[in-house]
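**Q** Residue-level listing of the chains:
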Amino acid sequence: MAKAYTPGLRVSSRSVYRTRRALPTAGKVQVAMGDRVQGSTVVAYTQLEGDVTPMKVASLLACPPKDLPGLMLKKVGDSVKQDEPIARSKGVFGMMKTEVKAAATGTIESVSDSSGMVLLRGAPLPIQIMAHVPGRVVEVMANEGAVIETDAALVQGIFGVGGEARGPIMLACKAAEEELHEDLIRPEMKGCVVIGGARMTAASIAKAKSIGVAAIVSGGMDDADLRDFLGYDLGVAITGSEKCGLTLILTEGFGEIAMARRTFDLLASHKGREASVNGATQIRAGVMRPEIVIPLDAAAPGAAESAPDTGGELAPGVWVRIIRDPHFGLLGTVSALPSKPAMLDSGGKARVLEVALERGGTVTVPRANVERIET
Amino acid sequence: MLEKKDGHWRQTFRGEAPTTVEEPLADVTMGVVNSVTELQELSGRKLIDNDGKIIRRTSRSDPNGCDIYVSTSSAGGGLQMMVAGVVKEMTAESAKRAALGAGAIVMDTIAGNDKRKPHEQIQRIRELRPDMVLISGGTDGGDQRKVVEIAELIAPAKPRPRFGGEYQLPLIYAGNRDATAAIRKVFDAPGFDLSVVDNLRPTLERENLGPAREKIHDVFLEHVMAHAPGYDKLIGWADAPIMPTPGAVGDILQEIAKRRGINAVCVDIGGATTDVFSVYDGVFNRTVSANLGMSYSISNVCAEAGLDQVLRWVHVDMDERELRNRVKNKMIRPTTIPQTLEALIFEQAVAREALRLAFIQHRAFATNLKGVQQQRTVGDVFSQQEAGSSLVDRMRMDLLIASGGVLSHAPRLEQTAAMLLDSFEPEGFTELAKDSIFMMPHLGVFASVHTQAAFEVVVKDCLVVLGSAVCAKGQGKTGKPCFAWTMKVVKQGDGPTKDADASGSLNCGDIAQIQLSAGAEAEIEAKPERGFDFGQGPGKPVTRKVRGGPLGVVLDARGRPLELPKDPAERRASLNKWIKALHVYG
Numbered sequence: 001m002a003k004a005y006t007p008g009l010r011v012s013s014r015s016v017y018r019t020r021r022a023l024p025t026a027g028k029v030q031v032a033m034g035d036r037v038q039g040s041t042v043v044a045y046t047q048l049e050g051d052v053t054p055m056k057v058a059s060l061l062a063c064p065p066k067d068l069p070g071l072m073l074k075k076v077g078d079s080v081k082q083d084e085p086i087a088r089s090k091g092v093f094g095m096m097k098t099e100v101k102a103a104a105t106g107t108i109e110s111v112s113d114s115s116g117m118v119l120l121r122g123a124p125l126p127i128q129i130m131a132h133v134p135g136r137v138v139e140v141m142a143n144e145g146a147v148i149e150t151d152a153a154l155v156q157g158i159f160g161v162g163g164e165a166r167g168p169i170m171l172a173c174k175a176a177e178e179e180l181h182e183d184l185i186r187p188e189m190k191g192c193v194v195i196g197g198a199r200m201t202a203a204s205i206a207k208a209k210s211i212g213v214a215a216i217v218s219g220g221m222d223d224a225d226l227r228d229f230l231g232y233d234l235g236v237a238i239t240g241s242e243k244c245g246l247t248l249i250l251t252e253g254f255g256e257i258a259m260a261r262r263t264f265d266l267l268a269s270h271k272g273r274e275a276s277v278n279g280a281t282q283i284r285a286g287v288m289r290p291e292i293v294i295p296l297d298a299a300a301p302g303a304a305e306s307a308p309d310t311g312g313e314l315a316p317g318v319w320v321r322i323i324r325d326p327h328f329g330l331l332g333t334v335s336a337l338p339s340k341p342a343m344l345d346s347g348g349k350a351r352v353l354e355v356a357l358e359r360g361g362t363v364t365v366p367r368a369n370v371e372r373i374e375t
Numbered sequence: 001m002l003e004k005k006d007g008h009w010r011q012t013f014r015g016e017a018p019t020t021v022e023e024p025l026a027d028v029t030m031g032v033v034n035s036v037t038e039l040q041e042l043s044g045r046k047l048i049d050n051d052g053k054i055i056r057r058t059s060r061s062d063p064n065g066c067d068i069y070v071s072t073s074s075a076g077g078g079l080q081m082m083v084a085g086v087v088k089e090m091t092a093e094s095a096k097r098a099a100l101g102a103g104a105i106v107m108d109t110i111a112g113n114d115k116r117k118p119h120e121q122i123q124r125i126r127e128l129r130p131d132m133v134l135i136s137g138g139t140d141g142g143d144q145r146k147v148v149e150i151a152e153l154i155a156p157a158k159p160r161p162r163f164g165g166e167y168q169l170p171l172i173y174a175g176n177r178d179a180t181a182a183i184r185k186v187f188d189a190p191g192f193d194l195s196v197v198d199n200l201r202p203t204l205e206r207e208n209l210g211p212a213r214e215k216i217h218d219v220f221l222e223h224v225m226a227h228a229p230g231y232d233k234l235i236g237w238a239d240a241p242i243m244p245t246p247g248a249v250g251d252i253l254q255e256i257a258k259r260r261g262i263n264a265v266c267v268d269i270g271g272a273t274t275d276v277f278s279v280y281d282g283v284f285n286r287t288v289s290a291n292l293g294m295s296y297s298i299s300n301v302c303a304e305a306g307l308d309q310v311l312r313w314v315h316v317d318m319d320e321r322e323l324r325n326r327v328k329n330k331m332i333r334p335t336t337i338p339q340t341l342e343a344l345i346f347e348q349a350v351a352r353e354a355l356r357l358a359f360i361q362h363r364a365f366a367t368n369l370k371g372v373q374q375q376r377t378v379g380d381v382f383s384q385q386e387a388g389s390s391l392v393d394r395m396r397m398d399l400l401i402a403s404g405g406v407l408s409h410a411p412r413l414e415q416t417a418a419m420l421l422d423s424f425e426p427e428g429f430t431e432l433a434k435d436s437i438f439m440m441p442h443l444g445v446f447a448s449v450h451t452q453a454a455f456e457v458v459v460k461d462c463l464v465v466l467g468s469a470v471c472a473k474g475q476g477k478t479g480k481p482c483f484a485w486t487m488k489v490v491k492q493g494d495g496p497t498k499d500a501d502a503s504g505s506l507n508c509g510d511i512a513q514i515q516l517s518a519g520a521e522a523e524i525e526a527k528p529e530r531g532f533d534f535g536q537g538p539g540k541p542v543t544r545k546v547r548g549g550p551l552g553v554v555l556d557a558r559g560r561p562l563e564l565p566k567d568p569a570e571r572r573a574s575l576n577k578w579i580k581a582l583h584v585y586g
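These protein sequence lines are chains A and B, in that order. My numbering puts the first sequence at residues 1 to 375. My numbering puts the second sequence at residues 1 to 586.
Hints may contain errors.
Straight-line alpha carbon distances no greater than 25 angstroms define the calculated DSS-like cross-link-like pairs of lysine-lysine that follow [unchecked claim]: (1) A:K56 x B:K158; (2) B:K233 x A:K101; (3) A:K75 x B:K158; (4) B:K185 x A:K66.
Read the hints as simulated data drawn from the structure, not as lab findings.
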């Protein structure tokens, strides 16, 4: 039988989770190999070069650029404060001199005799990288950061907004099929990772934000509600840097869709436990999906293992989720993989597979329209 | 695989394999070997030796191996560049044209007058991670200060390249030659690798993009590709320089236009972006509309055009809330395909808007040189010709080529043609074609080795001529006469079907299809009513030779610009009429 492959999202009750925590530029690493860290432990820090403020000083002095170096009151490398004079013209017979004051606080980086421009470099900007998940340092990358490892339950969502957040897991919905409404968000959920069921409504998101919930994880949401939450219509799925005050993670997709029961049951089983979540999503090259990581006690039963690399192969018996209408969101197992392309209702031809649905019955869908549920 | 059969060059077999540029394989040559192995199995010709290398044949009678191997590359997201110039509409635009023409994605254009404050420009440069930077500015012998200022913004921002910390960022300077020494001084610092080429705008009246484009190709090969996994090996295998894929498409389109003496437009709509290429009077232009695509950027198309604009192309009931959710679901799961007819209709409606917007952007970019002082006569004033007007005149578009998933894989050719007509709105006489298996990039590189062979394959195997469109420019009241036509067949087609002479007339708001088989040619005379134009002026008859195809000839009296009825019921009735006339959905 011909082999077919498809990407999938991980829903794992226990696995070895590794995360690479690295600075954007070289800096100082604060942890050592084997150290135990908490989510808030600073792994590495650095200082980014300050912002540059260019000043057209020759123009302001009304002099040719080549005369500028001789008119500077400060030299390259000198520190200056905002509004401090940095250059002065000779004036007319020593009178009517023009002075140019620093537009920002910083150091003089360069004085150009070609363009007449002076560059001021501002104070460095500190940057810290935290461990995000509690665990053990298993690799130190010199001047860059570290790799943290932990035994964890892991759920990959399909889409999220907002960056990293941490907090205890609290259940808002009683079942995977239950919609997350406003009345299910309670004041004691402040700082928590709230687990919904099916669609999260706009009112529930607004209330969670006002209470100070750290994150909401639910099956789906309406596009219109996302647009209202962000304040704009998201054009491409590159997220994570939004400053919305709340991280949202969808496990299934947009619309009225219930969370996969396995996912809901796994999250529910860890009620009260600390979770580290990240809504950052990137669908283009270098795919990144949002994650819910729940570190587990090392002493808990069941040895943690790395997930076997199944290579994403589709084969009979493999669990899949249908990811396009008319059967969007339905779960089941692959029951057959016909080798010949089939005619679709759209009029196109494509290779298909048959899915035995969890709720009963069998449907035929294009192979491109399913994703594996990784375990 | 291209082979000479019975004295003619043909594309005979094709193999394909997924890219192996990413981890864990991280070696592009493995993907190449996989695809050539498939070619070997299909053709029965041994092409890969035991060491996993492509075999070259030893003589003409050797049954194994090939004569030459050529390659294009779009791995790692293609060539990503930042360009800079002094004046946005002049040198910066010329720099952008040079970069796009070389096949690059232009991440941003920095200009002295781009309305951003210098510190904002520096911040932007810091955020970008380009493969290389092209700097231009000033005419030769002109003011040097402005272009040095631009360089002085780039140098302290220290843009970091995509590949590794040890990598020296390639910079190409193609500006005022008198400022070269000052530019060298600015970039005389670690981390930069400066090359200097001829000014790409030596005078206001002249654009000289060739040297900058060639340097971009050189730097692409020497620096960018050398850092991508396995490329050092691949460069050794290829018998012609590896080109960025869009650059190769541009080359073959220019060759097609030159050989046939026509103006041509080609569109390639992908998941993330839409590329439009044009050659008008020998002048080549390419634009990349970032974030106008059918999967990764489908949501952006709907946001930019507006969902109501998309839905105006839909002739069946659809629920807006559900559609919005479907769009987002396609964005987050970009590889899915439409299973139902309703899903297909909606995707093709989105494609119309993506193509329409991309073509608007292309027309705005492909202009005469701006900033040129012109002596104008009274006649010029009336003809509205001025510096900065678009070169891409719909009336003079002789050939329109479609490429990319939603166009190439549309279940029916009529759907491809309908999407082209609705979004590009060609005027007068236009031949419609599609790139059958996205072969234009490969033939573009091959043309640099064997132009004649590449062109033969373009004609015989690459471009499928859908047919010809005859479209009236102008607008009139629905139901009133628009134009009369007569068709005289001058050459019968390749198949058994015989085409016959025909004639008729169309009313405003109508579209019709007449048979003219693939390979057939006919002379069509269009006699427009007053207010309608086929290229010779309003009301004047025009006779042109057209080519046939599976679609024959499409006669379009819907009007240009194409405006759909405002009233929803009337709009739906019109759409249904057009869909039926062209057999769009069977």
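**Q** Work down the list of hints and note, for each, if the structure agrees.
**A** Hints versus structure:
1. A:K56 x B:K158: Measuring from Cα to Cα gives roughly 20 angstroms; hence the hint holds.
2. B:K233 x A:K101: 56 angstroms, violated
3. A:K75 x B:K158: Answer holds: K75 of chain A to K158 of chain B is near 22 angstroms, not above 25 angstroms.
4. B:K185 x A:K66: Within the cut-off at roughly 15 angstroms; holds.
Hint compliance for this structure: hint 2 is the single one not met.
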